[in-house]
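A.B. asks: One-letter residues, chain by chain:
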Amino acid sequence: IMCASAKYNTRGPALIPRMKTKHRIYYITLFSIVLLGLIATGMFQFWPHSIESSNDWTVEKRSVHDVPVVKLPADSPIPERGDLSCRMHTCFDVYRCGFNPKNKIKVYIYSLKKYVDEYGTSVSNTISREYNELLTAISDSEFYTDDVNRACLFVPSIDVLNQNALRIKETAQALAQLSRWDRGTNHLLFNMLPGGPPDYNTALDVPRDRALLAGGGFSTWTYRQGYDVSIPVYSPLSGEVDLPERGPGPRRYFILSSQMALHPEYRLELEALQAENGESVLILDKCTNLSDGVPAVRKRCYKNQVFDYPQVLQESTFCVVLRGARLGQAVLSDVLQAGCVPVIIADSYILPFSEVLDWKRASVVIPEEKMPEMYSILQSIPQRQIEEMQRQARWFWEAYFRSMKAIALATLQIINDRIYPYAAISYEEWNDPPAVKWSSVSNPLFLPLIPPQSQGFTAIVLTYDRVESLFRVITEVSKVPSLSKLLVVWNNQNKNPPEDSLWPKIRVPLKVVRTAENKLSNRFFPYDEIETEAVLAIDDDIIMLTSDELQFGYEVWREFPDRLVGYPGRLHLWDHEMNKWKYESEWTNEVSMVLTGAAFYHKYFNYLYTYKMPGDIKNWVDAHMNCEDIAMNFLVANVTGKSVIKVTPRKKFKCPECTAIDGLSLDQTHMVERSECINKFASVFGTMPLKVVEHRADPVLYKDDFPEKLKSFPNIGSL
Amino acid sequence: MQTRKKYIFLTFLASWLLLFLFGGDQLRHFAFFSGRKAKARRSWPHWTDRSLLKSFADPEELQRDGDPALLSPRERRAARLSVHRSSSCRMETCFDFSRCEKHGFKVFTYPQERGQPVSESYGKILSSIERSRYHTGNPEEACLFILGIDTLDRDHLSGQYVRNVDEKIRGFPLWNGGRNHLIFNLYSGTWPNYTGELGFDIGQAMLAKASFDTDSFRPGFDISIPLFSKEHPQRGGDRGWLYQDSLPPKKKYLLVFKGKRYLTGIGSGTRNALHHIHNGKDIISLTTCKHGKDWEKHKDTRCDKDNVDYEKFDYQELLHNSTFCIVPRGRRLGSFRFLEALQAACIPVLLSDGWELPFAEAIDWGKAAVVGSERLLLQIPSAVRCIHPERVLAFQQQTQLLWDAYFSSVDKIVHTTLEIIKDRLAPHRSRSRFLWNALPGGLLVLPDFSTHVGDFPFYYLQHGSSPSKKFTAFIRAVSQAGSPSQSILRLIQAVSASQYCAQILVLWSCEKPPPPSGKWPQTPVPLTIIQGRRKLSDRFFPFEAIQTDAVLSLDEHTILSTSEVDFAFVVWRSFPERIVGFPAQSHFWDPEQGRWGYTSKWNNELSIVLTAAAFYHRYYHTLFTEYLPAGLRELVDGLAACEDILMNVLVAAVTKLPPIKVTQRKQHKEAVAQQEQCRDGAAGIPQIPHSAPAAAKGTAGSRRSSQRQDCLDQLADWFGYMPLVSSQLRLDPVLFKDQVSVLRKKYPRLEKP
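So the protein lines, in turn, are chains F and A. The numbering of the first sequence is the working numbering, which starts it at 1 and goes up by one. The numbering of the second sequence is the working numbering, which starts it at 1001 and goes up by one.
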C-alpha cells in the first residue's frame, strides 16, 4: 500500500494546468458538456454489448455435448516435441505477466471445443470429470481472467490428463491451432498418466513444443527443473471415501503393501520381507473370489482374508508405494489420506510438488536396490518422528492431494512464485501443518547477535505533567554511560512542555515529542528519533534506579536483544476457583512479565506494537488507559516464544519509603482490572503466550565476597 | 501563453472524445465505468451434465497400472545404466553405492603429482578434505575420490591451466571411468563464450562447479558451489557484517551495483543495461568500461561519463550501506560479488538467468536473496521497494545465517559439498530442508544422531516442543580406591534427591575395576556404572545409556546441593542450547604474549562454564565425538584440563552465545578439596582451583594452568577464530538474598553460607 501511494503521489497534480479563475469556469463548463456527451456515447456503445455478454451467461447452462465442433484437417500443423532444455528464462514470456501490486499471475482458459478428425471421428473424450473440476477451480480462483489479452498463462481446455484416452497426433494438432498457441509459450498442460505401452515414457508424449507440463510421474530425466511442475496422480477414491484422521499411536501392521499389479519380482522381495518379519508385514493382493457386484477396487486380499480398501491403509504405520509401469501412482494419494507414511520405492521419480514440499518430513524414499533392507531402515526411525510423518502425510493430502482443486491451485501457486519470487510463499507456509503453524514460533529476530555496546540505547519517558519528577528521572538516566539519546513523549495536549532553558542540561541529545492524543500507546510508537536498537522505556516517576542498575540492564539486554529486560517483575497465575487468569504483584518466586515502567527492549517491538498488535488490543488499552505494559509482554512472548528477563533485585522504584509494590494504585480495583486485561489478551491471542521463569539476572559477582570497588556494577540496590 | 494552454487542453479533450467514439470497443475492456464487468466475467461453464462426465481413468486402470510382461525391474535398472551415462548421469546410474557400504562415507584424495604445483585455492580445498572427519588415506576404504590435479581453472588462456588432464587421469588405476570421483572447478570455458567446457572428459565423475548453468547441471548428481577468491580463508572465516537488527532495516542506499560493463560478448546484455536504473539517490548503479587491455578500442559514447561517475563511489562503502545489491552475471554466471554481498548482509538481487544457485539442493535461496530475471531489470527497483520491512529484516538475517554456516571459509564450502553428497547415500538418514535452512545450519546437525527435529537442542521453539523434564546425572569417577569415595557418595545422594533426576551414570575412569554394586548406595533412581577407556574425551562420549535431553555433567569431587541442582535444571530448560552451570572462567587476549589466555580468578565476566558441574544437551556429546576431527580429541587427551574448554568452545561456536552461570552456594565455591587421583599418569582429573588465584607456583597446578593456556590457543587456531563469547550476568532465583522471610523463598538453601 505504501508503495502504491508513493507512486501515485508523484504524478497526480502535474496534469492540470494552473489557470485563472475566469478561464477555469469556462473550462469546467466545456468539460462538463464533453463529459455528458461521453456518457451518452458510452451508454450507446455499451448497452448492446452487455446484452451480448449476458447471453454468454445463459450459455453456461449448456451440456458438454453442445460445444462447438472443430474439424482438424489431416495436414494441420503439429507442434515440435517438448524441448528438454526449456527453462523459465528461455521458453517463458515473462513480459506477459508484468509487474502488478498483487503479485498474481492471470490465467486464461480456452473455451471448450470438441475436436474431430477429417472423418468426423473424435480425437478424445471431450472432457473428463476431473479436468472439468480442475478448470472450474481455476476459473473460481483469484488467478483467473477471461481476458485473453491480459493473460500470462493459458490453459487449454483440451483434456490430456490420461494419455491413453487420446490420439496423440490429433491432440497435438488441436493444441497447435489454439488462438494464442505461439509455439506453446506460456501454455500449461495437465497430465497425470503419461506414456503408454510398451515403454511408458515418463512425460506426456503429445508434442507440445514450449508448453509447460504439470505432470504426474516425471523422472529426473524428463522433468525440467524450475519449468515443469510435478503433480500427484489424483485418486478418485479421495472424493468417495471419507477416512477420518487417525491420531498417533501404534498401528496393527508395521509395513503394508496394497498395490495390485506389482511386478512379480517386487512381490517376491516383499514376500521375503514378510517371511523374515512375520505378521508385522502384510502384503495384499487383488481378490480372486469376490462375489458379483462387489467392486474389486475396494477390496484387497491376503490368502483368504478380505480387507476393505482404502480403510486397511489406516491399520499400518508404513505403506509401500512401488512404481508400476509408470512412476506416479494413485495409491500415494490413498496412503497419504490414511495417514500412513509412504515408503516410496521408485528410482528417479520426481515426487509431487517437490519444488516446494519437503518430502523427507512425510515419507521415506528407499532405492529399489535397497528393498531387502527396508525393514531395518524403517525400524531405525524414532517413534516420535514417525508420528510427525503420519501427521505430515495427512496434511499433504488435505492441502495438496485431496481434490483437483487443491492440485490445480498448488500448481498455479508454484508458477506464480517463480514469476514473483520476492512475494513467494515460504517453506513454512507450504510445509507446516496447521497444528505446527499454531504451536511454533518464528522469532523475527532469530539471528544470535550481541549488538555492539557502543550503539547505546534511547530512553523514552512518557510524561503528562509531573515535571519535577520527570526532570529528576532525566537527570538520573543521563548518568548512565550507554545512554545515547533521551526522548520525552509529552502526552498532555492542554499544557505546553516547559521552556527549553528549564530542562536539565545533559550530555546527550534530549528531544521532546508532542502527541496528538493522550494515549498510552504513544509510548510504544516507533519514532524516527529512535536511532538505536535498544529502547529503555521508563516512567516519569521511576527515580530509584541507579546508574549501575540501568547500565547493567543494558548489558543484559545486549545478551538477550529479543526479550523484554526489565526491573519490576510480575506474574500471572491460574485461579482455579474462578477458572481464569489472575494478575499477581506480590513478591513471588516466579516472574512472567516485566513492567515497561522500566524496561529495555528492541525497537522492533515498537513497530510490532503499533502496526501488528492482534485484534482490538491497542484500542482496548487506549480506551481503558491501562495494561499497555501487559499487552507488550504478551506481544513479545507470543512472537519470540521466550520469557522476560528480570534484572537485579530492585523492588522499590518511586521512593525509599514507598511500599515495595508499586503501580498506578494498589487498591483492589486496580488488581481486578489488570487481571481482566490478562484474560482479555489471552482470549485475543487464543493462547497464553507468557512464559514463567524462576530466575533473574544479577551481575556475576553480585553479593559475592569480593571488594566492591573491583566489581563492574557495585551499586545494585537490594530492594 | 494562455492561448497555447487552451489549445493544448482542447486538443486533449477532443482526442479523448475521438478515442471514445472510435475506440469504444477496446476501451470496453477497462472496467472503470461500473462494477457490471465483474459480474459478467465469463467463467468456466457449469455444465448441466457435469455429474455424468466420465473419470479421466478407470479406477481399475489406476490401481492396476502395470504391464508386468515387459522388462523386469532388475532388467530395467540394468538398461538404465547403459543409457544414462555422462551427460545424463544420476546417482543411481553413475555412482557405485556399494563402495560406501562397508566403511561408510570415506573420502580419498589422490597424492599430488611432483612438479605440478596446485593453485592456492585448490590447495585449500585439498587440505579441507584432509582435515575433515571423512578423510582416509586408504583408497580401498574410499567411497569418494578427489583428484590431485588442479582442475579449478579450466580456461586454457589462464596460467593455471593444467594440460593433458585426459592423459593423466586415464593413467590412474583408480579412475574407473570417473565413477565415485568428485571434480572441483571454478572457471570453465574461455573467451568469447565461456561455456561449461572443461577441456577433458570427466566421464561419470560428479562435478562441483561454480557458475553452473541449469542446462548442463545434472540434478541430484552435480553440485553447484560458489565462486570464491584465492584469499578466501581456509577455516574460521570472517563473520558477517550485520551487527544489529536495525529498524526500519533500510540503509543509506536501496540498491547498488558497481562493476564492469562489457561492451561486447556474452554477459554484455545485462551489464550494458544496468545504468538505466541508476537514479543517483537511493539507487546507485555504476559501470565502467575501463577493463582489459584494449577497452578504448570498443568504447562507446557512455564510457567517458560512466568512468567519471564510477570513481565517485567506493565499492566497499556501497556494500556496507545498501539494503540490496545487484549481483548480475559476468562473463560467467557466478561472481565474487555474490559472496561479498552475502557477507555484507546486502541482500543479493540475482540477475543471472539459468544459474543453478550454490548448494540449491540444500539451501532455500528464496529466504535470503531476490532471484530476479535479467529480462525484467527495469522492474527490479519497484519490486525491491515493495518488499515489506519485516521481510527485509528476515532476508538480512538469513544472509548472515547462510554466510556463516556454509560460505565463510573454504572448509565450510568443501564440507557442505561433502555433506550434501553424504545425504544422498542414505535418503532416510539425511537432513530435511528445514534443517539446512535453520540455525545453526546443516553442517552442525548430524542425521546419524537423529532425523527428528525434537531431538536437537536448537529447534524447540520452531517445533513447538520443549526439552524433556528430567535429566541424567553423569559423574566421572577417578578415585583409585576399591570402594566409592565419600565425596562421590555425597554427590550421588544430593543429585538423586532432585525431583528432576531420571538416572545416574558413573563413568569409571580408573584402571582398577569399579567397586561391586553392593558398595554403591541405594538411590531412588537407577544408578549405572560405565567402564570408561580412561581417556579425557571419554566424558563426552555419546553413551547409549544417556536417554534424557539434559545431561548434568559432574566430577567426583564436585560439591552440590539438591536445590542448586534443581534450580540450575529449571534454568537450563529455558536455555536448552547452552551450557548452564556453576564454576565459571573467562578468556582474554594477552597482548604481551600474543596469545589467548584464560583465568579462573573472580571476574566480572565469564565465557566458560566448567563441565565439572554443568547442564547441557546430550546432543553435544555426539557433536564432540562425531563432528570434531579425531586429531582434536587426541589433542585434548594429551593436554590436562582441556576437554571442558573444548566443549565450551564447541558450544559457543555452534550457538554464538555465552554459557550461563547460575548461583552457587558460597561454601561450594570456596571448597578446594584435596583430590585423589588415579596414579597412572595423564588421565588423572585435573583439578582447577576455582576461586583461588591461578598463579599457585611451583606445583602441578601451574603446569596444568599453562597447558590449559596452550589448549585455548590451539583450539582457537583450529577453529580459525575465538568462538568464546563473554557474559556479564549470572542467573539467581528471583528472590535471591532479598529481604523477605526464607519461608517465602523456593530455594532458601542456596543462600546459606
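Among these hints, one or two may not hold up.
Listed below are the simulated DSSO-like cross-link pairs for lysine-lysine, each with C-alpha atoms no more than 27 Å apart in a straight line [stated by the list, open to error]: (1) A:Lys1737 - F:Lys711; (2) A:Lys1752 - F:Lys437; (3) A:Lys1469 - F:Lys582; (4) A:Lys1666 - F:Lys711; (5) A:Lys1535 - A:Lys1666; (6) F:Lys370 - A:Lys1102.
Derived Cβ-Cβ restraints for the label pairs, each shown as a range [unchecked claim]: (7) F:Thr610 - A:His1320: 28 to 38 Å; (8) A:Pro1629 - F:Arg150: 33 to 43 Å; (9) F:Val69 - A:Ser1051: 48 to 58 Å; (10) F:Trp438 - A:Ser1268: 26 to 36 Å.
Hints were generated in silico from the structure; no laboratory data involved. Don't be surprised by glycine CBs; every beta carbon is placed ideally from N, CA and C.
A.B. asks: Work down the list of hints and note, for each, if the structure agrees.
C.D. replies: Verification of the hints:
1. A:Lys1737 - F:Lys711: Holds, at roughly 18 Å.
2. A:Lys1752 - F:Lys437: The given pair, whose Cα atoms are some 46 Å apart, is violated under the 27 Å limit.
3. A:Lys1469 - F:Lys582: Measuring from Cα to Cα gives roughly 26 Å; hence the hint holds.
4. A:Lys1666 - F:Lys711: Distance of about 17 Å is within 27 Å: holds.
5. A:Lys1535 - A:Lys1666: 32 Å, violated
6. F:Lys370 - A:Lys1102: Between Lys370 (chain F) and Lys1102 (chain A) the Cα gap is close to 15 Å, so the pair holds against 27 Å.
7. F:Thr610 - A:His1320: 28 to 38 Å: 29 Å, holds
8. A:Pro1629 - F:Arg150: 33 to 43 Å: 60 Å, violated
9. F:Val69 - A:Ser1051: 48 to 58 Å: 23 Å, violated
10. F:Trp438 - A:Ser1268: 26 to 36 Å: 52 Å, violated
Checked against the numbered hints listed earlier, the structure breaks hints 2, 5, 8, 9, 10; every other hint is satisfied.
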